[in-house]
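Visitor: Each chain, written out:
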Amino acid sequence: MPELTEIANDFIRQEIDEFVERPDERERLIGLFAGAKPALQEIAAALVDGDDDTVDRLTTNALAAGTAALEVMDDGLIAGMAIVGVKFRENFIFVPEVLACARAMKAGMGHIEPILSDSGIEPMGKVVMGTVKGDLHDIGKNLCIMMLRGSGFEVIDLGVDTSPDDFLDAVEEYKPSVVGMSALLTTTMPNMGKTIDAFIDADLRDAVKIMVGGAPVTQEFADDMGADGYGKDAMACVSLAKELIGVETRG
Amino acid sequence: MNEIVASITSRGRVLAALRGEPVDRTPVVNPTSVATVELMDLVDAPFPDANREPELMARLAATGYTELGFDTVMPVFSIIQESSAIGCKIQWEQKDNWPTVKMREPIYETPDDIDVPEDLLERPDTRCVLEAIRILRRDLGEDVAIIGKTMGPWSQAYHCFGVEPFLLLSLDDPNQTRLILERFKEATIAFGVAQIEAGADAVTLPDHATGDLVSGEYYKRYLQEMHHEFAERIPGPIILHICGRTVDRMDYIAQTGMAAFHYDSKNEPAESMAIVDGRISLVGNINNPETLFAKGPDEVKEEVWKNLDAGVQMVGPECAIPLQTPIENLRAIPQAVVEWHAAGGRPTTASAN
Chain A
1 MPELTEIAND FIRQEIDEFV ERPDERERLI GLFAGAKPAL QEIAAALVDG
51 DDDTVDRLTT NALAAGTAAL EVMDDGLIAG MAIVGVKFRE NFIFVPEVLA
101 CARAMKAGMG HIEPILSDSG IEPMGKVVMG TVKGDLHDIG KNLCIMMLRG
151 SGFEVIDLGV DTSPDDFLDA VEEYKPSVVG MSALLTTTMP NMGKTIDAFI
201 DADLRDAVKI MVGGAPVTQE FADDMGADGY GKDAMACVSL AKELIGVETR
251 G
Chain B
1 MNEIVASITS RGRVLAALRG EPVDRTPVVN PTSVATVELM DLVDAPFPDA
51 NREPELMARL AATGYTELGF DTVMPVFSII QESSAIGCKI QWEQKDNWPT
101 VKMREPIYET PDDIDVPEDL LERPDTRCVL EAIRILRRDL GEDVAIIGKT
151 MGPWSQAYHC FGVEPFLLLS LDDPNQTRLI LERFKEATIA FGVAQIEAGA
201 DAVTLPDHAT GDLVSGEYYK RYLQEMHHEF AERIPGPIIL HICGRTVDRM
251 DYIAQTGMAA FHYDSKNEPA ESMAIVDGRI SLVGNINNPE TLFAKGPDEV
301 KEEVWKNLDA GVQMVGPECA IPLQTPIENL RAIPQAVVEW HAAGGRPTTA
351 SAN
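Chains A and B, in that order, are what the protein sequence lines are. Just so you know, our numbering puts 10 at position 10 of the first sequence, and the rest follows in order with no gaps. Just so you know, our numbering puts 311 at position 311 of the second sequence, and the rest follows in order with no gaps.
Bound-form chain B, shown alone:
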């Protein structure tokens, strides 16, 4: 059992947890977006502009620390930055909805069509992220951890080929599928490296080989080795994000060498911790639609404590939160962590309040 260290900054706390080192208290981390409409209004940084203009992106991201009390900030609110830079058609939406790739209008049909631009990092929607990270580091200094995001090749393939065509191809032609992943791989690495160099302390790597779509064996067959390569080539901690039920692939994920796995509420904390068995840290898994969005602080705290009871190393929402999530529910996450540690375990005055 590691000894608990003295109080440190949010950034130091997160970095220590990502390295598997002792912390004064469990960090509250958002590997994906905690932007809400309320926060957009508060700092006048609304969607869709906050996804495209560095100053607005940084201003909105900073609220994760300044308004919510999380130990991290995360400026990449959507999953479309690289796809937009590559040339996918984007529906940018308004303040109350995330921008989305028009996957019904895929831009590629075969691996030979893949044409990741050489100036990928100079395109407006990737450059925006890099610039926002620099602004956040400048404005927030060394106190808070900055998390970037680089999309994995499996997710990128959904965007560029369409979900159904790509999933069918994965069954029909494994070699072509691997070729596609291989051709997107360098973009994942390049954007990840660039964000670390811009000042990010870690990057989230979403790669949606989710249990809602494909089997755990699929993860092993197509992605495990590549994820291991990401862990080796991106010079900072990587937080892998895969939604849905993933216990059937956590053993494989734990062997990739990534620092952490951002896991979904469809997985029980204790069961998940038992599977990864200390080989990778877990971060999560407060339910979004049922708890953070629809319930109250007491229910949020209950889920936080369930994670802490299980020894989960970092807590936070399971995925990008609904844009209409009440702020008090988000603030309840760090409050619950502080209360749990102050009580030396689950506080006795639980959610019956």
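Pulled out of the complex, with its shape left as it was, chain A reads as follows:
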């Protein structure tokens, strides 16, 4: 089993040591970074630091040096985002810091995505996400999307105020494995149930797994509506999406 000291990058080593407490997560991250190229650890470190300019530059350099795009994404960007997710879940950082990390992730993915797209590499899964009808709040949904993309999912973002018909149309068009619905307002929560009913009426309920979340939403409410799963935060959303499509979740 790799040791923390086997990680070359000082910053990453300190981050794991200070912020990752769960033994399974610690073991996984140490193993991941200990096996990663130092140049990719640097990308992860810059991402955790929210430094988009540096991520942009280092990603360009890594690709130019011949490192495969998939490796840069997995060992640099996604690995960095795994640390961000843990820090966010444990309240070591908050939304502004996560947004800065997401911006850095985007800077790196701007170089990676075209290469992956050209090479025909399949994403982990496809998710359609939207805030339900009548609700214009999207920061929770956006955090989920950012974490999902950072974990290798392709995400189609339907934005806010998404009607049941918009969700249905998106499922017909993009054929996702998972649909995610978000609501911040207690007045709009019932629209999750209405959307699920619309899937049943359209005979599409069995075509997708449906997950829900948002500040006022609870597991009990999700169960009552007939959702397949509830995620209490962006990290849980990723674990749930993996679970719903049958991918093993590690920490």
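Check before you lean on any hint, since a few could be wrong.
Using 25 Å as the maximum straight-line C-alpha spacing, the simulated BS3-like pairs for lysine-lysine come out as follows [to be verified]:
#1 B:Lys306 - B:Lys266
#2 A:Lys175 - A:Lys37
#3 B:Lys295 - A:Lys232
#4 B:Lys306 - B:Lys295
#5 B:Lys266 - A:Lys232
#6 B:Lys306 - A:Lys87
#7 B:Lys295 - A:Lys194
#8 B:Lys95 - A:Lys87
#9 B:Lys95 - B:Lys266
#10 A:Lys106 - A:Lys194
#11 A:Lys242 - A:Lys87
#12 A:Lys175 - A:Lys194
#13 B:Lys89 - B:Lys102
#14 A:Lys194 - B:Lys220
#15 A:Lys37 - A:Lys126
#16 A:Lys175 - A:Lys126
#17 A:Lys126 - A:Lys232
#18 B:Lys185 - B:Lys89
#19 A:Lys87 - A:Lys37
#20 A:Lys194 - B:Lys102
#21 A:Lys232 - A:Lys87
Rather than coming from a laboratory, the hints here were simulated on the basis of the structure. From a predicted model like this one, the values you see are computed outputs, not experimental measurements.
Got chain A; can you put chain B on it based on the hints?
Guide: Only chain B this time, still in chain A's reference frame:
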């Protein structure tokens, strides 16, 4: 320990609690909306019109006292009145949903863009609030406390700049962030002062530096001093409202000089009381989505008693209640308070009924 005084009016009870003085029983207070679709139908004052027409706004607000038995009325059901007056795009919705600012279509990008109109208080959606407060005072007299609402600069920045751009700016450029808050500050004060002058007994000041978005240190860095200034310059009691888990910033909030903090059910009453330690009164924190909206009167009473057991000075819903909340659950709040005081503590016939 303060001595309990003889029976007083709802208004007197609330004002005493806001001053930290003894009361005959714990006041039932709604610093945010208790409007429901059922109440809208009852008095024929539906959304969205009840957010824009003073007579309807006052009529719906009055039901908090006349139908629910609360000690306060609160006519500002949403958080968009100033934003609408400033020029934000609003989705007004229908009877079953609150109006919302279209934050995906922000109106400002830099502090220099901020242009709070000089006639802010004369714009229809701010004037409506002032007029509704006057109507409520005229119609309800001195018996009930009227609570107004003036949005804090942090919340106003979300509306005008968009949540994500503003939060990113707060990390990237603290000076620009402070400039934005400074430029919205006078609007917060002006609207608060105008509501007190119109007859409000207190104002709620929502400023959503919530634990769901930013750290307690953020609150201290950006808002604590400004909130202290609000407490000094608005000539009436201020009830600060911040949703979410806030125990990590309650110590800072307690030092602002505001009269009360409207706290969320994500915070335990006893823990919260221990942190504020008598420096500010607490009001809350009956859970909305799980309890008031989805459960029954017994569960509501249990949460009220938990607050009373902890010594929380005023009880009420944690935030603006879901518009489909059953009326009997809201009526259970004052009932639970009366039962608790009549029994001299938690009634023995608890929620097993």
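Visitor: Take the hints in turn and mark each one as holding or not.
Guide: Hint-by-hint comparison with the structure:
{"no.": "1", "hint": "B:Lys306 - B:Lys266", "verdict": "holds (13 Å)"}
{"no.": "2", "hint": "A:Lys175 - A:Lys37", "verdict": "violated (36 Å)"}
{"no.": "3", "hint": "B:Lys295 - A:Lys232", "verdict": "holds (20 Å)"}
{"no.": "4", "hint": "B:Lys306 - B:Lys295", "verdict": "holds (16 Å)"}
{"no.": "5", "hint": "B:Lys266 - A:Lys232", "verdict": "holds (13 Å)"}
{"no.": "6", "hint": "B:Lys306 - A:Lys87", "verdict": "violated (32 Å)"}
{"no.": "7", "hint": "B:Lys295 - A:Lys194", "verdict": "holds (21 Å)"}
{"no.": "8", "hint": "B:Lys95 - A:Lys87", "verdict": "violated (41 Å)"}
{"no.": "9", "hint": "B:Lys95 - B:Lys266", "verdict": "violated (28 Å)"}
{"no.": "10", "hint": "A:Lys106 - A:Lys194", "verdict": "violated (33 Å)"}
{"no.": "11", "hint": "A:Lys242 - A:Lys87", "verdict": "holds (20 Å)"}
{"no.": "12", "hint": "A:Lys175 - A:Lys194", "verdict": "holds (20 Å)"}
{"no.": "13", "hint": "B:Lys89 - B:Lys102", "verdict": "holds (5 Å)"}
{"no.": "14", "hint": "A:Lys194 - B:Lys220", "verdict": "violated (42 Å)"}
{"no.": "15", "hint": "A:Lys37 - A:Lys126", "verdict": "violated (29 Å)"}
{"no.": "16", "hint": "A:Lys175 - A:Lys126", "verdict": "holds (8 Å)"}
{"no.": "17", "hint": "A:Lys126 - A:Lys232", "verdict": "holds (20 Å)"}
{"no.": "18", "hint": "B:Lys185 - B:Lys89", "verdict": "holds (21 Å)"}
{"no.": "19", "hint": "A:Lys87 - A:Lys37", "verdict": "holds (23 Å)"}
{"no.": "20", "hint": "A:Lys194 - B:Lys102", "verdict": "holds (23 Å)"}
{"no.": "21", "hint": "A:Lys232 - A:Lys87", "verdict": "holds (16 Å)"}
Going through the hint list in order, the structure does not satisfy hints 2, 6, 8, 9, 10, 14, 15.
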